[in-house]
Amino acid sequence: MSLLLASLSWFFLVAGGLFCVIGAIGMLRMPDFYTRMHASSVIETLGAGLILLGLCLQAGWTLITVKLLMIGVLLLFASPTATHALARAALTRGLQPMLADPKEASSKRS
Amino acid sequence: MMFAAATLALLVTTALLVIRAALGPTVFDRAQAANTLGTVAMLLLAVLGFLTDRPEFLDLALVYGLLNVIGTIAVLKFFTRGDLGDPGEDSELKS
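These protein sequences, in sequence, are chains A and B. To convert, count from 1 in the first sequence and add 53; that's the working numbering. To convert, count from 1 in the second sequence and add 3; that's the working numbering.
These aren't lab readings, by the way, just hints derived from the structure by calculation. You may find that some hints are simply not true.
[Claimed, not checked] Selected chain A positions facing chain B (in silico; Cβ < 10 Å):
id, residue
1, Leu56
2, Ser62
3, Gly70
4, Cys73
5, Met80
6, Leu81
7, Ile104
8, Ala112
9, Leu116
10, Leu121
11, Ser132
12, Thr134
13, Ala140
14, Pro150
15, Asp154
Built from N, CA and C at the ideal position, the CB exists for glycine as well.
Using the sequences provided together with the hints, build the complete structure.
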């Protein structure tokens with residue numbers, strides 16, 4: 054049982070770290086502000102969720118798990134709010150999303 | 004060992020996000036990178052607490068997360084409207 058828990062938490066922690074790195078690479082490589090927002094949401098949902106789940110499995114039924122769940126709930130409410138405020142602020146200031154040119158192939162970088 | 008792996012991944016993430024914050028053409032790119040950096044720092048604090056067997060770090064992570072949201076929204080409000088709102092005026096209701 055403890056071996057199962059240990060290997061599960063290994064898997065969750067490594068997968069979460071991997072998703073964090075993938076999201077960061079996306080934020081570096083995406084061409085446009087609104088597409089970068091998509092990459093940052095990978096870090097804030099999948100990466101954070103998997104890492105917190107792995108830590109929960111390590112902690113067992115203690116107060117530490119409760120604190121980890123509180124961090125998770127905070128992230129769940131706070132990061133969509135911040136992302137929404139960010140997108141609305143950018144649109145209000147007149148930052149236009151990058152759209153595909155209808156004459157060319159759809160997924161070309163400008 | 005597994006905490007060391009997660010810490011390493013989070014540090015690589017931090018480095019890439021700092022590069023984006025330095026490059027970012029508009030102020031919104033920088034704000035977004037700073038917001039995501041806050042999330043990653045929160046996770047890093049939690050994992051570091053487990054790595055060094057000091058679970059008190061989780062409280063620091065919680066406080067960091069709360070401050071991060073308020074900071075991001077304040078910066079966005081400042082760059083969208085030019086101020087943080089006049090307390091004598093009902094500017095919230097109009098927008």
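Here is how each hint holds up against the structure:
About 13 Å separates the beta-carbon of A/Leu56 from the nearest beta-carbon of chain B, more than 10 Å, and the hint is not met. For A/Ser62, the suggested interface contact is upheld, since its CB lies about 7 Å from the closest CB of chain B, less than 10 Å. Hint status for A/Gly70: holds, given a least beta-carbon distance of 3 Å to chain B, under 10 Å. Evaluation of the A/Cys73 hint against chain B yields a held restraint, the C-beta minimum of about 4 Å falling below 10 Å.
This hint holds: A/Met80 has a C-beta 5 Å from the nearest C-beta of chain B, less than the 10 Å allowed. Because the smallest distance between the Cβ of A/Leu81 and any Cβ of chain B comes to about 5 Å, under 10 Å, the interface hint for this residue holds. Proximity of A/Ile104 to chain B holds as hinted, the smallest CB-CB distance being about 5 Å (cut-off 10 Å). Using the Cβ-Cβ criterion of 10 Å, the hint placing A/Ala112 at the interface with chain B is satisfied: the shortest such distance is roughly 8 Å.
For the restraint placing A/Leu116 at the interface with chain B, the shortest Cβ-Cβ distance is roughly 8 Å, inside the 10 Å limit, so the hint holds. The closest approach between the C-beta of A/Leu121 and any C-beta of chain B is roughly 7 Å, which is under the 10 Å cut-off, so the hint is satisfied. For A/Ser132, the suggested interface contact is upheld, since its CB lies about 6 Å from the closest CB of chain B, less than 10 Å. Interface hint at A/Thr134: satisfied, since its Cβ lies 7 Å from the closest Cβ of chain B, which is below the 10 Å cut-off.
Interface restraint check: A/Ala140 against chain B, minimum CB-CB distance 9 Å, threshold 10 Å, status holds. Annotation: interface hint on A/Pro150 violated; nearest CB of chain B at approximately 12 Å, more than 10 Å. With its C-beta approaching chain B no nearer than about 20 Å, A/Asp154 sits outside the 10 Å limit, and its interface hint is violated.
When held up to the earlier numbered hints, the structure conflicts with 1, 14 and 15 and fits the remainder.
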